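**Q** Read off the chains here:
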Amino acid sequence: MNLLYDVTLRDGNHALRHTLTSKFVREYCERANSSGVWAVEVGHGNGLGASSYLVGKSAESDQDLLIAARSSLKDSKLAVHAIPGFATIKRDLMPAIDIGVDIFRVATHVTEANTAEKHIEYLANRDLCVHGVLMMSHMTDINGLITQSRLMQQYGASAVILMDSSGHFIPKDVQERVDALKNSLDIEIGFHAHNNLGVAVANAAAAIGAGAGLIDGASMGLGAGAGNAQLENIVAYSIKEGSSQFEIARFLKMSQLVEDSYPDKLPRASSSSIESGLAGVFSGYAPQVNQISNELGVDVTALWQEMGKRKLVAGQESMIREIAQDLMNL
Amino acid sequence: MQKNRIKVAILGTGNIGTDLCERLLRDPDFEVVALVGRRSDSPGLENFQGKVQNIIPNGINGLLDILENIDGAFDATSAHDHAEHWNLLSSNGKWIIDLTPSKIGKPLVPELIDVIEKFELIEELVANYSMVTCGGQSSAPLLYAFAAHASGISEVEVSSSIAALSAGPATRRNIDEYIQATENLTELITGCESVKAILVLNPADPPIMMRTTVQMKIESCNLNLIKEEVQHVVKRIQRYVPGYDVVVEPHMTSAGLISATTKVTGAGYALPSYAGNLDIINAAAVETARRHANQFSVKLGN
Chain A
1 MNLLYDVTLR DGNHALRHTL TSKFVREYCE RANSSGVWAV EVGHGNGLGA
51 SSYLVGKSAE SDQDLLIAAR SSLKDSKLAV HAIPGFATIK RDLMPAIDIG
101 VDIFRVATHV TEANTAEKHI EYLANRDLCV HGVLMMSHMT DINGLITQSR
151 LMQQYGASAV ILMDSSGHFI PKDVQERVDA LKNSLDIEIG FHAHNNLGVA
201 VANAAAAIGA GAGLIDGASM GLGAGAGNAQ LENIVAYSIK EGSSQFEIAR
251 FLKMSQLVED SYPDKLPRAS SSSIESGLAG VFSGYAPQVN QISNELGVDV
301 TALWQEMGKR KLVAGQESMI REIAQDLMNL
Chain B
1 MQKNRIKVAI LGTGNIGTDL CERLLRDPDF EVVALVGRRS DSPGLENFQG
51 KVQNIIPNGI NGLLDILENI DGAFDATSAH DHAEHWNLLS SNGKWIIDLT
101 PSKIGKPLVP ELIDVIEKFE LIEELVANYS MVTCGGQSSA PLLYAFAAHA
151 SGISEVEVSS SIAALSAGPA TRRNIDEYIQ ATENLTELIT GCESVKAILV
201 LNPADPPIMM RTTVQMKIES CNLNLIKEEV QHVVKRIQRY VPGYDVVVEP
251 HMTSAGLISA TTKVTGAGYA LPSYAGNLDI INAAAVETAR RHANQFSVKL
301 GN
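If you read the protein sequences in the order shown, they are chains A and B.
For the first sequence, this note's numbering begins at 1 and goes up steadily by one.
For the second sequence, this note's numbering begins at 1 and goes up steadily by one.
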């Protein structure tokens, strides 16, 4: 079976509006540690150093959350997500190294892998485990994916993760892409699903079927927009399929903790997230889109569609108001 | 007329150097005495054959022979080379405008000269001015206007999105340095130590125009005065960056948080209009050189 990569405490922080506490991190990590998940990713929803008015302020610093996780994780690895442009080597990666993070995922928009050159090289040169992540991976074609993945491989990444950040893919899209990358790269492939169209677990299953070695999931699907592939469902699927060594009960304890702690924050495929999935817009924009469309009285569907037309990438929250104003002036 | 022109050399023949050269050739205050590259077959040099008196293909050494013909230079090479260029030029009594991220020169934002004490011109003829970053130049008017009419500033954030096509290999390799330099300038203007800069590259086609959003956490402010101040400062910057506009007016996004967004459309000298990030840096460089040189022409009485 593939390695399971748990993003509950990072992508899930989007669903929590970045209010994650070290107390919860510690409790969750204690349960996750004995479950068999390979790694637990922790931090702000947009990764290290992203706490900001632009994308949302963290209630607790990345460092505090990582220290809490570090003390509870023995068997599972501690992982972080870092986007150049938000996170810097000096301010964010170096302290994370000191805390004892095991896995560093350096992420860029799918066509901009070369902005991660220095960061990936810095980590790889220190013999740390570093993955490259291509976000919004539906925004280029398969050849583009191959080119960008090869850059990350060349910089020293030991895996490349495709993120379906908008939840725009259906299973055949995932299978084609994982197949193509398997044939073009010498390193591991990972896949990270979002559930905007209700097919996140099916997409994760398609990635497993195509031979992806790393599968991302979140307990209760806790993640941006409609959430991620539900981790316990991925495990249940792999048990039925006959490839799993995992005990479902351990995963259900993790999901139960999330469900009990955040009953009103659990993601679902709402009309807004379905629209953003079809429009191919970053799932994490949902809170701002809903807030601004309410405030200005702009039709939420029209707003998502216009954002899709203008091909917004992640981290452009400040464009939402401008686009809404343009729609009002039509 | 000719003898009063500011005589300059341009070091570097990439996007920035080429755009600077086009810009200065059309500016009646300047005379481009030399364009300096490193390869005789550089397309950047070939384009200006016959338009610039001295096309110098052998780097800074080639410029040394005609140093007496220039007042100062624009350096659009690299942070690494800038240190050497500054050494040679300063020891020969020349000023330099630094468009590299070297952090050697004094950070300067032209529309804040005579407005904030830290941005006074250097009174010595031999001077080195750093143009910081595009995010720094484009946020400066808003940072200044916000800070002028707010009290209890506890956090400041500058986030820019630029067209991926306008971000060359140097920007991409030096994204951490970009963030640091932008944060330094933000601190310099606002006096706030808790600052954050963010850069997002957007590959949309057609390319997007550069946007910069400033957000400032404050105890209190006078929003009307801020709006007025923004209008004044924008008028000043538009004199040398005509494509500079405020697209989201200053407003309170939540209690104690003020925000506004600007857009920069490039003037289109040698670069496309979406390269507002490069345009604003070059426009600031030319304006700084003009202001610096003019101090001395006034004092000399010509």
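None of these hints come from the bench; they were simulated from the model.
Small disclaimer: the values here were computed from a predicted structure and weren't measured.
Be aware that a few hints might be false.
The calculated lysine to aspartate or glutamate pairs, modelled on DMTMM-like cross-linking and capped at a C-alpha distance of 20 Å, are [claimed, not checked]:
#	chain 1	residue 1	chain 2	residue 2
1	A	Lys311	B	Asp205
2	A	Lys57	B	Glu219
3	A	Lys23	A	Asp264
Some chain B residues judged to face chain A by a derived CB distance under 7 Å, without partners named [claimed, not checked]:
#	residue
4	Ile179
5	Ser194
6	Val248
All C-beta atoms, glycine included, are put in the ideal place defined by N, C-alpha and C.
**Q** Does each hint fit the structure? Answer for all of them.
**A** The hints, checked one at a time:
1. A:Lys311 x B:Asp205: Given pair lysine 311 (chain A), aspartate 205 (chain B) holds - Cα atoms ~8 Å apart, limit 20 Å.
2. A:Lys57 x B:Glu219: Between lysine 57 (chain A) and glutamate 219 (chain B) the Cα gap is close to 18 Å, so the pair holds against 20 Å.
3. A:Lys23 x A:Asp264: holds (19 Å)
4. Ile179: Holds, because the Cβ-Cβ distance from isoleucine 179 (chain B) to chain A comes to roughly 6 Å (cut-off 7 Å).
5. Ser194: Constraint on serine 194 (chain B) not satisfied, violated at 11 Å.
6. Val248: holds (6 Å)
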